[in-house]
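Starting from the known structure of chain A, arrange chain B on it as the hints suggest.
Protein chains in written order, with my numbering: chain A, 442 to 751; chain B, 442 to 751.
Keep in mind that a hint or two might mislead.
The list treats identical chains as interchangeable, and a pair is accepted whether it falls inside one copy or across any two copies.
Said to hold, decoys possible - No more than 20 angstroms apart at the CA atoms, straight line, and that leaves these computed lysine to aspartate or glutamate pairs for EDC-like:
(1) 583 <-> 516
(2) 631 <-> 604
(3) 692 <-> 746
(4) 581 <-> 738
(5) 642 <-> 540
(6) 583 <-> 540
(7) 702 <-> 746
(8) 515 <-> 731
(9) 642 <-> 670
(10) 600 <-> 535
(11) 648 <-> 695
(12) 519 <-> 733
(13) 648 <-> 617
(14) 600 <-> 650
(15) 583 <-> 611
(16) 692 <-> 748
(17) 692 <-> 611
(18) 702 <-> 748
(19) 702 <-> 717
(20) 519 <-> 695
(21) 600 <-> 617
(22) 648 <-> 671
(23) 642 <-> 731
(24) 631 <-> 671
(25) 526 <-> 638
(26) 648 <-> 618
Calculated from the structure, these hints are not laboratory results.
There are 2 protein chains.
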Amino acid sequence: LSLLVVGTVAFDAIETPFGKTDKITGGAANYICWAASNFSNDISLIAVVGDDFPQSEIAELRNRGVSTDGLQIKEGEKSFFWSGKYHMNMNSRDTLVTELNVLADFDPIIPAHQKNPEFVMLGNLTPSVQLRVLEQLESKPKLVAMDTMNFWIGDENFKKDLDVVISQTDILIINDEEARMLADHHSLVKAARQIMEQGPKYLVIKKGEHGALLFHENHVFFAPALPLEEVFDPTGAGDTFAGGFMGYLAKTGDISFNNMKRAIIYGSAMASFCVEKFGNQRLKELSINDIDQRIQEFVNLVQFDIELTQ
Amino acid sequence: LSLLVVGTVAFDAIETPFGKTDKITGGAANYICWAASNFSNDISLIAVVGDDFPQSEIAELRNRGVSTDGLQIKEGEKSFFWSGKYHMNMNSRDTLVTELNVLADFDPIIPAHQKNPEFVMLGNLTPSVQLRVLEQLESKPKLVAMDTMNFWIGDENFKKDLDVVISQTDILIINDEEARMLADHHSLVKAARQIMEQGPKYLVIKKGEHGALLFHENHVFFAPALPLEEVFDPTGAGDTFAGGFMGYLAKTGDISFNNMKRAIIYGSAMASFCVEKFGNQRLKELSINDIDQRIQEFVNLVQFDIELTQ
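With the rest of the complex left out, here is chain A:
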């Protein structure tokens, strides 16, 4: 089934304890598309870049079944650029540079033939831009997912729009810090209940190296992160998780809670690949075999059989 993705496509410069990159391609929607395209070849990318963005990267996405009809290329302008440096423990990072460039006045335009997607993934962006995407849809999608970040949650200028997008979202996919901030509760269980009262029927809370939780009504499912020898570069792991999750749902067309569990495991598997190399490099190398093997590792990691006493 079709998946529409909106978000940033950008340049990143990343420094981790393992090394340092020049400008490499990144952006939330880029990672989402790379991950989702392992499962679906009916993906529409809605984004904006400058004419400095490599044509070859756009061609690679097209080769994977990602339509770039909705990707605006601004002549004479520069792509969004982010630069950051990770601390030793990889759980925190400092932003060194943020240059909005083309993102400053991004007005997403969905091509006419893409206005009826079955699945929608709103990558982290200005809430009003996420809203603009929803407004252009001609029919109600089967599932709308969204990501956001502390910057929008904590600023009252954006919070109003953010609340509207959240109320129109079926599944919110955020990290633990964002969930706590959004609900103003330290307990993730309490935060989850409060967030779901704002509209989303489902909530995914990403906990990085500590896995991810899926909430729905009174149900909760937990997927671990794979214990890795080293996390080489965490950039994009959350977006890759969301891309794997939504790609798998779009492939199967099944939004039951049981299938969402599977989708979370696929998302976790994709994220575990992402962090093994800089940027989206590792995602470009994956075969179906690699993914199957990784899924088997997740099965081995958590499956057990217990016969209850009674």
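Relative to chain A, chain B alone:
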């Protein structure tokens, strides 16, 4: 099968964001015995208390199948006392008071009829005291497990004894901070490999609210912590985990990796009860039904079915 437990039996005074206790009974061996006695009624407690320790508490342990023949009661002396205050997030705490009292010169003596246990749990104690217990055994147990803490790992006066105990241990049960400190590696996977080279064939790394990892050779198993609305008091949760784990192994007598997975789930379930009330209060109320229901929650929390593509 028989389980021999050594560790502290003590008084605690605890302050959490939810409230404050007077002196209540605690101690690693106390929590271990309360948890393990849900599964086994052939437990020997080796510990020391002063004559201020309530006889009724000792009687309660006996009622649950815990032999206190090896519990020394020092006339005219006071029991070990610890007082601590938890921070808002419950992940860190300040120690307010530590009074060693009877613990200062504790010389564990195993009664003659308890010198051939099949399972041994060395609760966190001075490494030389843990060694004294192993020295008194007349036959090699099926499984020796031990806990320790940062205090012993970081002090070179204790480190030598600690290394000897670790080398004689089959399964080390410590938290993530201790594992990183012991191996001087941030990566838990690398730390685990290095620790297992020091002797233990198995390693459990407890991550508190983030669950627990079991390592053995190239295998790894992950058990989540149950997402709780509130952690009321984390005191003793790690010991309760170890007690549930060893109690289940002693009950089943099966130390295969698959059964250890089950034991970790039982340990996690017991720990999830422990944190619901102050001290070991919640552990005293549990029925088999409560435990079965909790195990079912763990099954629901992590089980999924995936058919691989190939």
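Cross-check of the supplied hints:
no.: 1; hint: 583 <-> 516; verdict: neither (35 angstroms within a copy, 73 angstroms between copies)
no.: 2; hint: 631 <-> 604; verdict: within (18 angstroms within a copy, 43 angstroms between copies)
no.: 3; hint: 692 <-> 746; verdict: between (29 angstroms within a copy, 17 angstroms between copies)
no.: 4; hint: 581 <-> 738; verdict: neither (37 angstroms within a copy, 35 angstroms between copies)
no.: 5; hint: 642 <-> 540; verdict: neither (35 angstroms within a copy, 52 angstroms between copies)
no.: 6; hint: 583 <-> 540; verdict: neither (35 angstroms within a copy, 62 angstroms between copies)
no.: 7; hint: 702 <-> 746; verdict: both (18 angstroms within a copy, 9 angstroms between copies)
no.: 8; hint: 515 <-> 731; verdict: neither (37 angstroms within a copy, 62 angstroms between copies)
no.: 9; hint: 642 <-> 670; verdict: between (36 angstroms within a copy, 19 angstroms between copies)
no.: 10; hint: 600 <-> 535; verdict: neither (24 angstroms within a copy, 37 angstroms between copies)
no.: 11; hint: 648 <-> 695; verdict: neither (25 angstroms within a copy, 34 angstroms between copies)
no.: 12; hint: 519 <-> 733; verdict: neither (39 angstroms within a copy, 60 angstroms between copies)
no.: 13; hint: 648 <-> 617; verdict: both (6 angstroms within a copy, 16 angstroms between copies)
no.: 14; hint: 600 <-> 650; verdict: neither (28 angstroms within a copy, 30 angstroms between copies)
no.: 15; hint: 583 <-> 611; verdict: within (9 angstroms within a copy, 52 angstroms between copies)
no.: 16; hint: 692 <-> 748; verdict: between (34 angstroms within a copy, 14 angstroms between copies)
no.: 17; hint: 692 <-> 611; verdict: within (18 angstroms within a copy, 46 angstroms between copies)
no.: 18; hint: 702 <-> 748; verdict: between (22 angstroms within a copy, 13 angstroms between copies)
no.: 19; hint: 702 <-> 717; verdict: neither (24 angstroms within a copy, 28 angstroms between copies)
no.: 20; hint: 519 <-> 695; verdict: neither (39 angstroms within a copy, 64 angstroms between copies)
no.: 21; hint: 600 <-> 617; verdict: within (18 angstroms within a copy, 37 angstroms between copies)
no.: 22; hint: 648 <-> 671; verdict: both (17 angstroms within a copy, 18 angstroms between copies)
no.: 23; hint: 642 <-> 731; verdict: neither (32 angstroms within a copy, 29 angstroms between copies)
no.: 24; hint: 631 <-> 671; verdict: between (32 angstroms within a copy, 8 angstroms between copies)
no.: 25; hint: 526 <-> 638; verdict: neither (36 angstroms within a copy, 34 angstroms between copies)
no.: 26; hint: 648 <-> 618; verdict: both (8 angstroms within a copy, 18 angstroms between copies)
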